[in-house]
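Undergrad: Residue numbers (our numbering), protein chains in the order written: chain A, 1 to 336; chain B, 337 to 904.
Honestly, the hints are just simulated from the structure, not real lab data. Please read all numbers here as calculations on a predicted model, not as lab measurements. Yeah, the Cβ is synthetic: ideal placement off N, Cα and C, and Gly gets one too. Among the clues, some could well be false.
Said to hold, decoys possible - Label-pair restraints from in silico Cβ distances:
(1) A:Leu45 / B:Gly720: 25 to 31 Å
(2) B:His729 / A:Leu36: 53 to 59 Å
(3) A:Ala29 / B:Arg787: 35 to 41 Å
(4) A:Arg23 / B:Gln883: 41 to 47 Å
(5) A:Leu36 / B:Val378: 58 to 64 Å
(6) A:Gly150 / B:Arg702: 52 to 58 Å
(7) B:Phe738 / A:Arg22: 40 to 46 Å
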Amino acid sequence: MSTTAVLADSTAAPPAAAASLRRYAAFAARRTARALIVIVLAYVLVFLVLAALPGDPISAQLESPQAGYTDAQKAQIRKFYGLDQPVLLQLLISLGSALRGNLGLSLSTSQPVTTVLGDAIGSTLTLATTALALAVLIAAVLGLLSRLLGPGPLNALVRALPAAFLSTPNFVIGLVLIQVLAVGLGLFSLVDPDSAGSTLAAALTLAIPVSAQIAQVLITALDESAGQDYAEVALARGLPPVQVVLRHLLRPSLLPTVTVVGLVLGEVLGGSLITETIFGRTGIGTVVQKAVTAQDVPVLLAAVVLSAGVFVVVNLVIDLLYPLLDPRLRGTEATR
Amino acid sequence: MSILQNARDTQGAVAPSPDPSLPPAPLLQVCGLRVAYGDTEVVHDVSFSVAEGSALALIGESGSGKSTIARAVLRLLASRRARVDGSITLQGRELTTLRDGEFLALRGRVLGFVPQDPGSSLNPVRSIGAQAHEAAALVPGARRRADREALVRTAFERVGIEDPLRILRSFPHQLSGGQLQRVLIALAILPGPRLLVADEPTSALDVTVQKQILDLLDDLRRELGIGVLLITHDLAIAAARAQAVVVLQDGEVREAGPTSQVFTAPRSAYSRALRADVPGLDADRFASVRAQRDARRTEGTLARRPGEEPHVVASGISRTFRVGERDVRAVDDVSFAIARGSTHALVGESGSGKSTAARSLLGLERLDAGTLTVGGRQVDPADGRGLRDLRRHLQIVHQNPFTSLDPRFTVQRIVREPLDLYRVGDRALRAERTAWALDAVRLPSAVRSRRPAALSGGQRQRVAIARALALHPDVLVLDEPTSALDVTVQAGILEVLLALQRDLGLTYLFISHDLGVVRQVADTLTVLRRGTVVESGSVRDVFTNPQDEYTRRLIASIPAHGRTAVAA
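Chain B extracted, bound-state conformation (with noise of 0.2 Å):
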C-alpha cells in the first residue's frame, strides 16, 4: 500500500486525496458524449459522473453503447475510426481536447482497465512476470529494478494472489480465469489508477470466483477510494455492487440515479422489464405457467400413472479422460432420475462434470461405469441403430447459438433438417412439421427464410429448439440454453421452454452454472463439483436448507440473492 502510495505522490499531475469534509467532487464527469462510426451515431447525449470511492453502473443489453462509452472515456477507440463529441472530464480536467501524448501519460497511471475476458487479456507467448514488469516500469519513478519488483509484489499481494511466485513464471495458458483476473486487476491498479473501469470484469468466469472478483473491486475501491465505472449486462451485479447506476438502451439513457432508487421504483419501463427478467431478482417469474404445467400432470393425457418409473435414469455413472500422463475423474459415480415431463437441473462450474454428464446421455462419451437409461431403454454408444433410435426421442440444444447452427442454411432447412434425415414422412408433412416447430418457439413467420446470420441471438437459440423440436421428441438436453444470452432474452426463451413442457410433456434436463435460473425452472436438481455429486434433491428444498458447504456458497453468489427482500 505505501509503494502504491508513494507512486502515486511522484507524479504532481493527480490530485491529493480529497478532503472528508468537504462533498466528494466527482472524479469522472461526462456530459453529452455521442459516439458515432461513420455516420451512424450509436452513443446519443450521454452524461454521467462518478464520484471518489463509490462505484457507478452503466447497465445496458449487448448493442446499448455500455462498452463503446468505456473506451471512450479510455480513448480506446481511435483505431476503430470513432467519432467522439461531448466532454469527458477527469478530476476536472477536460479529456478530449488532450492530444495523444498527454493523454499517454493518464492511461494506466489515473485510469485503469479491467478487461471482460482475462482468458484474452494478457499476452499468451509472455510470462505474466514479464507483463508485470512492464507494467510497473511505466509507473513514474520506478527506476530501479528493486523498486518494480516491490510495486509488483504490492499489488500481488494486494489482491490475494497466492504462490506469486509461481504465478509470475507461469505463462496465461496455465491459470484459470479467476487467477488471471487478480493478475490483470493487480497490474491494474499497481500505478495506483484514480478510476478503475471494469468492463464486465466477471461475465467470462464461474459465479463462485464471480462473487470474489467484485468483492475484490468493492474492497480496493473502499481502501483505496478509487472510483469504479462498471459496466454489466447483469442488473443484479448493478444492484448488489454499484452507488448508482445509469440504464442504457440503443445508445440512450433511460434512467439514471442511486441504485437503491432505480431498483426500488424503476421509472422507466425498460429498466422495470430488465428488472423483471432478472433471474435472482424474481425465483417465482414462471410460476404460473409451471402451475399450469402440474396441473396437466395430475389429469388428462399427460397424466402420470401413479408409480411411473422415472423417465431417465443415471445410475452410478463414470468417465475418466486421460490428460497428459494423469487420470481425470470427469464424471465419478454420477446417479440422478427425471421423472416424465419435469425438469433436473445439473448445477456446477467449468470442470464439474456437467456437460460430459449430459454428453453420455446423448450416448456420445463411452462410459467406464454405470448405466444410462432413457424410456426404459439403456443407452449404448456402441450400438449404432439403438443410438439413431434414441437421438429421434432425446435432442439436444447447445450453448452458443452463434455456433451451433449452419451459416449456409435458411431458417426453415436447419429446422427440417432432423425430418430430412430420419425420413418422417412426405415433403408436405415436413413443411407442416417445421412451421409447427417454428410457431411453438414462436418465431416471426417474416425471418423463417433467412439465414443465421440475419437474426439476434435469441432468435437463433429459438430456431436451435425448434430443431430440437422437429422429431417429436420426449426428452431435451438443455445445455446452458441462455447463458450466452441478454436477460430479457433470455426470460423469453425460459418462458418458451416452459410453455412448451406444459404442451408436451417434455422432459428436461437443464444444464447449467446459473442458480438463479435453476431455481427459476427445475423441479429437482444435482449439485456436481469436480466430476461429483455434492447434493441433490427437490428445488425447494436445496434451496430452503442447503446441506453442503459448497451449495451455500453457489446460493451466496447468485447475484442480488441477498438484495431480493430489498428490490422485490
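One chain only, chain A, in its complex shape (with noise of 0.2 Å):
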C-alpha cells in the first residue's frame, strides 16, 4: 500500500475494497431486484386500471350493426384476444408473455406491440437523452458561474435566469426557437424533423425548463457549501477560489442535484409529447396521442409500462450513485 495510491482521490479506497466492492455489490443487487418489483407492479397495476375502463374498440366494433359478425366469429375474436378469460387470468397470460418479450398485438393496426413502439422509441430517446443532457450542461454552467462571478449585475442575471425559464411555456420556446433558429436563421429544415438541427432545437426546448429546476437545487446547494466551514479553511489554505468551487463545493452539491435530476425525468418524458407536436416528430408522444383516441389498450399498457421502467432505471441508477458521492452514506441505513 504506497502513499501514492493513498493520496488519489479516489472513491474507493483500496485496501478495504474488496469488502466495501462485495457490499456495493449486495447493495446494488438488492436495489435492482426492488426495481424490477416496482416495474411488475406498475405493469399490473395499469393493466388493471385499463381493463376496469369502460368499453374497448373490439367490444365497440363487434357490437356494430354495420360489422355483421356472426355470434360464431364474435366468440371467435373475443377468443383471439383471450377476452373471453377472466381478467386475473388475462393479466397472468399478458404479464408471462410480456415477460418473454411479447407485448401483444395493436389493435388498431394489428402489427406487434413492440414493433409499433419500436418504430417510436428511438426518435423519442434521441429527444429525451439530448434534452436531459442539454439540461444537465446549462444548469452545471449557470450553477458554476453562480458562484465564479463575483458579487454584481451579472451574477444577479445568472441567478434569475432558471425563474425565467421556469415561467416560460414549453410552446412559447419551442415556437421562438423554430421562428428564430429555422425561419429566421435557417440553421435547420422544417421539412426534415430528424435532421440533427431540428433535433437540437426540439430538445433545447425542452431542456430549457427542466434546466431551469436543476440550476436552482445546484446554486442552492452550491451556496450551502460555500457557507460550510471546510470552505473557508480551504480558502484560508489558500487554495485558489476557483478550485475552492471545483474541487469543495461541487461535489457535496451534486447529491441533491442528482435527486432533482431523476425527479425532472418525469418532466422530460411528459414534455416530449407537445415538443415532438411542435417539431412535427413521430415519437411515443405521437404513438400514445392516437393510442388514446383508438382505446388500443396493448398498446397504451405497453408504453406507460415503458415509461414507468424508464423512470425506475434512471432512478436506480442515482441511487446506485449515492454511495459513491458520498462516503458518509456508504453502510449506512440510506445504503441498504
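Two independent chains are provided; combine them into the complex using the hints.
TA: Spelled out as C-alpha cells, the structure:
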C-alpha cells in the first residue's frame, strides 16, 4: 500500500476495497431486484386500470350492427384476444408473455406492439437524452457561474435566469426557437424533423424549463456548501477561489442535484409529447396520443410501462450513485 | 522539519528567521482596525501586535468581534460584504492594500488558519489523503508527487498523528474530533507559515483532547518560531497559553498587555468580572450560597431527617446499544446515590455514557439491568402512568437553549405548557405559577411576552429552567446546562440554580464535562469513562486526592488549574 495510491482522490479506498466492493455489489443487487418488482407492479396496476375502463374498441366494433359478425365469429375474435377469460387470468397470460418479450398486437393496426413502439422509441430516446444532457449542461454552467462570478449585476442575472426559464411555457420556447433558428437563420429545415438541427432545437425546447429546476437546486446547494466551514478553511489554506468551487463545493452539491435530475425525468418524458407535436416528430408521444384516441389497450399498456421502466431505471442509477458521491452514506440505512 | 524549512526557503518573500540578538520585531501588527457590516461598525479601532514565536490571545464573549478580527487578518470577510479600515502589516508589509491575487500568495504559506470546529472543517465527501495532497500541492517548489508526499508525511508526524496511512485513507466522518484537529493543524503548518490564526481551536473538543491540542500548538510555536493569534472565549486557556492578551467587549479593546499583568491585576472592570467568572480560576465562587443552603438543610423545613434514604438511587444500571454489527455498552453497571437537596455530578467526556444515564433516570431508556429509584419509587419505562407521575417531580434542563425552546411560543406560553399538560389548577393559578417560575430564574419581565428568537442564550436557558420549575419538581436533571454559554452568563445561571436549591431544597443531577464547574457546584460526583464508573465520592475528596489516573488527567486538563495560585 503506497502513499501514492492513498493520496489519489479515489472514491473506493484500495485496502478495504474487496470488502467494500462486496458490500456495494450486494446493495446494487438488492436495489436492482426492488426496481424489477416496481416495474412488474406498474404493469399489473396499469393493466387493471385499463381493464376497468368501460368498453374497448373490440367490443365496440363487434357490437356495431354494420360489422355484421355472427355470434360464432364474435366468440372467435374474443377468444383470439383472450377476452373470454377472467381478468386475472388475462393479466397472468399478458404478464407472462410480456416477460418473454411479447407485448401482444395493436388493436388498431394489428402490428406487434413491440414494432409500433420500436419505430417510435428511437426518436423519443434521442430527443429525451439530448434534452436531459442539455438541461444538465445548462444547469451546470449557470450553477458554476453563480459561484465564480463575483457579486454584481451579472451574477444576479445568472441567478434570475432559472426563474425566467421556468415561467416560460414550453410551446412558446419551441415556437420562438423555430422562428429564430429555422425561419430566421435557416439553421435547420422544417421539412425534415429528424435532422440534427431540428432534433437539437426540439431538445433545447424541452431542456430549458428542466434545466431551470436543476439549476435552482444546484445553485442553492452550492451556496450552502460555500457557507460551510470547510470552504472557508480551504480558502484560508491558499486554494484559489475557482478551485475551492470545483474541488470543494461541487461534489457535496451533486447529491441533491442528482436527485432532482431523477425527478425531472418525468417532465422530460411528458414534455416530449408537446415538443414532438410542435416539431412534427413521430415519437412515443404521438403513438400514445393515437393509442388513447383509438383505445388501443395493448399499445397504451406497453407505453405506460415503458415510461415507468425508464423512470425506475434512472432512479435506480441515481440510488446507486449516492454512496459513490458521499462516503458517509456507505454502509448506512440509506444504502441497505 | 527540514522539508518544512526547505519549503519555506523556496519562497523569497518570506523574511529569514529573526536574529536572536535583536528584540523580536512584531510579526503581525494591527493598527486602528475597524470593520463594518453595512452601516454597523462591529470592530472599533482595535490595535495589537504578535511577535515571532509568541502567542497573543484575543479574549471576548460571543459578539465581541474577536472572530471578525481574525477573519479580517485572513481576508475572509469578502463574501460577507464587510468594510475593513485601518492597517494590518505582516512582517512589515501592509496587507490591506494588497490585491486579491497578491494576498492569495500569503494565504496558507505565511498565514495559517486553525478553525474552530474540526468536525465541519474538512470536506466530508473527500478523503483526508486527497485534501492533504491538495494542500501540499499549494506549497511552492513541491512540484513532484514525492515532494508532496514527503511534506504530508513530515507534517503528520510533527503533529503526532498515529497510523498516518490509515488516516489518509479515511474520510472525515470516520475520525474523532481530536484526530481531525490534528489533521487540520498538520495541513496548516505544512507550508511552513509564520503566523497561525487559531479561532477557538479547542472549543468543540473534549477537555483531555483540548489539552493535547493546546500543548501541540505551544510546541509548534516554540520549535518553529511561529506566531500564534489565539481567538478564545475561555480566559483560562488564554491565561495558560498566551504571552499577551487583548480583552475585547462589543468590538472594543477593554484591556491589553502581558498575560501575567492582565490576570494578576486586571485594570478594567470587565476583565475583573470575566476573571471572576472563570470556573477554573475560582473554585469557591459560590461558597456562600452553598453555605446558606447547608445551614437550611440542618434546620428548618428543609432539614434532612437523620437516616433518610438518598432521594435518587441508581444501582447497577446497564444499557447496551447495537451499532452495526457490534454491541456498545453505553452504560455498564453504574451506581450512584443523591441525597435530598444536594447536587451530584456525572462527569465524563463525549461517549462516556453520562447522557444515557440521565435519559434512563427520565425513563427514556429501557435498562438491560439495574434499577433506578426516585423518592423510593422505581422508574419503569414500560409504566406510562407511573412515568407521567414521575415527571411531575423530575424535570430536565437541556444543554442547548437554542434548540430546546419552541420558537413559535412566547416565553410565558413555554413556561406554562407543563402546567397545561398536567391540568394544574385554573387559569389564574397557572398564570401565577408561571410568573413565580420566571421570577425564580430572575428573568426580566420585559422579555416575558417575547419569543425565544428575541432572547440571548443566557435568557433562553433561564426560560428552560423556569419551564422545568413550573410543576414544582423536587429533582432536576441538568444536562450540561451552561456548556453553550459564555462564562459570565454561565456564572449567572449557576448562581440561579444554586439559589433555587437553597430556597426550594431541589435535588440536582448535574451532567458535565467541565470539572471546573463541577468543583464549584457539586457535592458528590461520579466520573464515567466509556460507560463505566472510574471514580466516585465527595467532590472535595476526589479533587484533593484523585485515585484514578483518568480522573487525574481530567483534573489536570481544567484550563488554568495550575495557575490558580498565580492568578488569584
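Undergrad: Compare the structure with each hint and give your call.
TA: Quick rundown of the hints versus the structure:
1. A:Leu45 / B:Gly720: 25 to 31 Å: Cβ of Leu45 (chain A) to Cβ of Gly720 (chain B): about 42 Å, so the range 25 to 31 Å is violated.
2. B:His729 / A:Leu36: 53 to 59 Å: holds (57 Å)
3. A:Ala29 / B:Arg787: 35 to 41 Å: Violated, since Ala29 (chain A) and Arg787 (chain B) (Cβ atoms, about 51 Å apart) do not stay within the stated range.
4. A:Arg23 / B:Gln883: 41 to 47 Å: holds (45 Å)
5. A:Leu36 / B:Val378: 58 to 64 Å: holds (60 Å)
6. A:Gly150 / B:Arg702: 52 to 58 Å: Holds: the Cβ-Cβ distance is about 56 Å, inside 52 to 58 Å.
7. B:Phe738 / A:Arg22: 40 to 46 Å: With Cβ atoms ~43 Å apart, the hint holds.
Of the numbered hints given earlier, the model fails hints 1, 3; all others are met.
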